[in-house]
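In case you want the letters, here they are:
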Amino acid sequence: MDNLLSLLIALIFLAGFATPLIHKLAGKKTGLLLAIVPLSLFIVLLLELLQLAPRESALLQTSVSLLPGMDFAFRIDGLSLIFGLLISGIGTLVLLYAAFYMAKYERQAHFFTYLTLFMGAMIGLVFSDNLMVLFIFWEITSVTSFFLIGFDHHVDKSRQAALQALLITGFGGLCLLFAVILTGNITGTYVISELLQQSIHLGNHPQYYLILALIILGAITKSAQFPFHFWLPGAMQAPTPVSAYLHSATMVNAGVFLLMRIYPIMGGTMPWKYALMITGGITMFLGAFFSMGQRDFKRILAFTTISALGTMILLIGIDTTSSLKAALVFFIVHGLYKGGLFMIAGIIDKTTGTRDIYDLHGLGRQLPLTAAVTLLALVSMAGLPPMLGFLGKELIYEAKMQLPDVAWLVLPLSVGANIMMVAISITVYYELFFRRKNKAAITLKYRERELPFYFLAGPVLLAAAGLFLGISPAFLELPVGNGLFFMGALTGSIQLSLWHGFNEVLRLSIFTVLSGISVFMLRAPITRFIQKMVRWFDQWPLPTLFTQLINKYLTAAAKNTNLLQHGYHRFYLLTFFLAVIALMGLQIFRITEIDLPELAASPLKIHVALLLLVTAGAVIYAVFSSSRLSAILAMGVVGYGIALLYLYYGAIDLAITQFLAETVLMVLFVMVIYYLPAFAVLSSRKSRLRDGLISLGVGTFITLVVLKAKFLNLETPISEYFAARAYTEGHGRNIVNVILVDFRALDTMGEVTVLILAAAGVYSLFRFQIKTLKKKKQNKA
Amino acid sequence: MNNIILEKIALLFLRGIALMSVFLLLRGHNSPGGGFIGAIVLAIGFIFYGIIFGSDRIERILYFNTRIWMGIGLGFVLLAAVWPVFLGHAPLTGLWYTGNWPLLGEIHLGTPLIFDTGIFIGVAGLILSVIITIMEVLKWNT
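Taken in order, these protein sequences are the chains called A and B. With the first letter of the first sequence counted as 1, position 42 gets the number 42 in my numbering; the numbers rise by one all the way through. One rule links them: number in my numbering = place in the second sequence (from 1) + 1000.
A portion of the hints provided could be inaccurate.
Straight-line C-alpha distance at most 27 angstroms; calculated DSS-like pairs for lysine-lysine [unchecked claim]:
#, chain 1, residue 1, chain 2, residue 2
1, A, Lys104, A, Lys157
2, B, Lys1139, A, Lys777
3, A, Lys776, B, Lys1139
4, B, Lys1139, A, Lys774
5, B, Lys1139, A, Lys780
6, B, Lys1139, A, Lys775
7, A, Lys29, A, Lys350
8, A, Lys771, B, Lys1139
Calculated directly from the structure, the hints in this document are not laboratory data.
The whole structure should be built from the sequences, with the hints applied where relevant.
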């Protein structure tokens, strides 16, 4: 069973990569076929959930060993099960839904590939038991969501929205990476289970504030919290199935998940509380407030998502058992109704051709099923019984009322946000489905009966789930209790029920609903007021400011690059050599003062002296020769001279290599030399003097370094180790070769890869020229 | 170029040098030689052939183009790197087979030979790739 889960997660990725193939075979049924994978995952997770019973503190663990020391461990507890169930369940429905919704789109194979990979990454993220692995999946969701948001890549707006989402979540991802590395350095492990078992809390560590800031940045960029919230409404450019999925169970909820996951390790301190409460509170209120001023159904939903996420972040920040419980339950509530509402927005868009709620009316008669389902989802969003949303909202109120010191601020904000939620729910339903006498009926492209069942299944099933769980919330007690237990709550067992007596919380709810209804009655002036506010806020449009910031950054980078990469080869060489001189000089004088060895140490043989003399002569000839060919030949003499020196001192392999390389170089030079312009002196005397001085300097310093290296041993040389082990362990008598292909094989591998890349570079530099040449030849022939 | 003697000699020379390069590759582990040296020798043989007949003829002998050969070389290197991983060792660990064969005597075969073969093919491919590119740009012997 445990391994079945890992297999299924691998299968999602496999399905993602195989999608182009599946699409070729299945055509328009691709989405339906693919839905089998998350569906089976959903069933397996349900079975796992049953295994978790009856203990609230149970923990299932499974791991696949890939490489030694690199386990893909999964952590299955209440938290990851709740997220996993929602991701796989809604994922199944979204795939079914997309099968019809995307039917007329081009590049469907691409779409389903991205969506399936995104799903796999999200599942991996919530189940991974290793912070590093979690980070990797986190980044995969960022990248795949980039492709999903920008799926209509021919539209300028989509591209911009996708880039914005990628840059912001990518920035958050980097912050998360730093936080993960710091955490790993401090605690010595990346494994979440170990961190939890040792009950490590970083609160007292001096670097705690840094890590916390980075984690929170990662979470609030992903979860679209103020002031990074603006990428989410932009992401509405994505096809509707993607929006439904991003908003309900995945992507933006990853930030919430991260905070819950990391809570036992670094949560609950004062900065944690205040940072999350401030950003969550602002986001919660602003999101709900601005949703009222929008016309586009999807945009309205996007702002309510921002508000809901703010609520979750705020609840995590409040940091009591009841608030964490409320956050978990509210995540389920929100996933169920938001997924359904987005799909409904898609259905209405498909059938009527518009998403502007003020252009629509009287759809209740024509789309009865949709109307009924929308009603259920909106009731849940407004937080009314008997939907699960009611339970969620009651828990939230309860948690916030228990807050001793800041309840006076949090509670009004929260009630205000909920009033707006009630009002917007009523407004949406009224505008969409009620008949207006003075307007003509809307003409539909499809009738509801013509829509395939799998297109309607998503919202229907999600609304049904919300209703079912609302009536019998006891089903949630186990996973929520288990999740809370591992978040460090004192007790794991909790009771959930729809009716909890006529108390303060219920009175507050009734007040909220009544106020919501009155806001709905007065919606015309309120909407006008909000639109005025929106316009006022648009004086500092965050998306535009963000784009400007990025553009400025790019200009600065371009300037910098132009300064450093000027394109003059001789100046690159100059910079390089000067840097070498400076660094080497520093090292030489730092270690000890220079002491030249006595030359008398070994008597100079006459043939070596002759060789040196010839080589030196060749160098001088090469420098002063006014013919290119003879200069090159002289350089060849230098090369062969050096090779002979190697040979004389016993480095046979080196000598052979030098000979051969020199030969190839000669051939190359001779081939090219015909095509070079005539030799001419173009440089001034001054610059030549400067170059000469620099080359002399480099030569001198290299000589000094070599001398130094000969007489200075900082560490025991490793050569003896190699010499001793070459035959016994490397099975070879040629030490040089054993070092190259065995002891230091990684270096060789890197070198060969670089060389081959260089060759590929040479080829691509001349590719166009070669192609045109070949074409000409063909034309002639 | 229609000099039949030169053609035959060039072909013979190429064959001899190719044999020599493989010999250098195989003996490399115990005596001077090895993949890199063998590769340069092989490349020099082909360059000699190409100077006489033009780069098209080299490409015809090679069957694949040089970039594919470079890829094959890297593939061998990667194979030698990854193989030990599946047997529970660190990447690039040398795995050895030692045996006593009737005609060959005692032989040692190991993944470093695969690695060196990869270097041999890759480096030869890359030198030829550069040379052929230059030859084509210069319209050498066409």
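Go through the numbered hints given earlier and state which of them the structure violates, listing their numbers in rising order. Nothing - there is no hint that the structure violates, so all of them hold.
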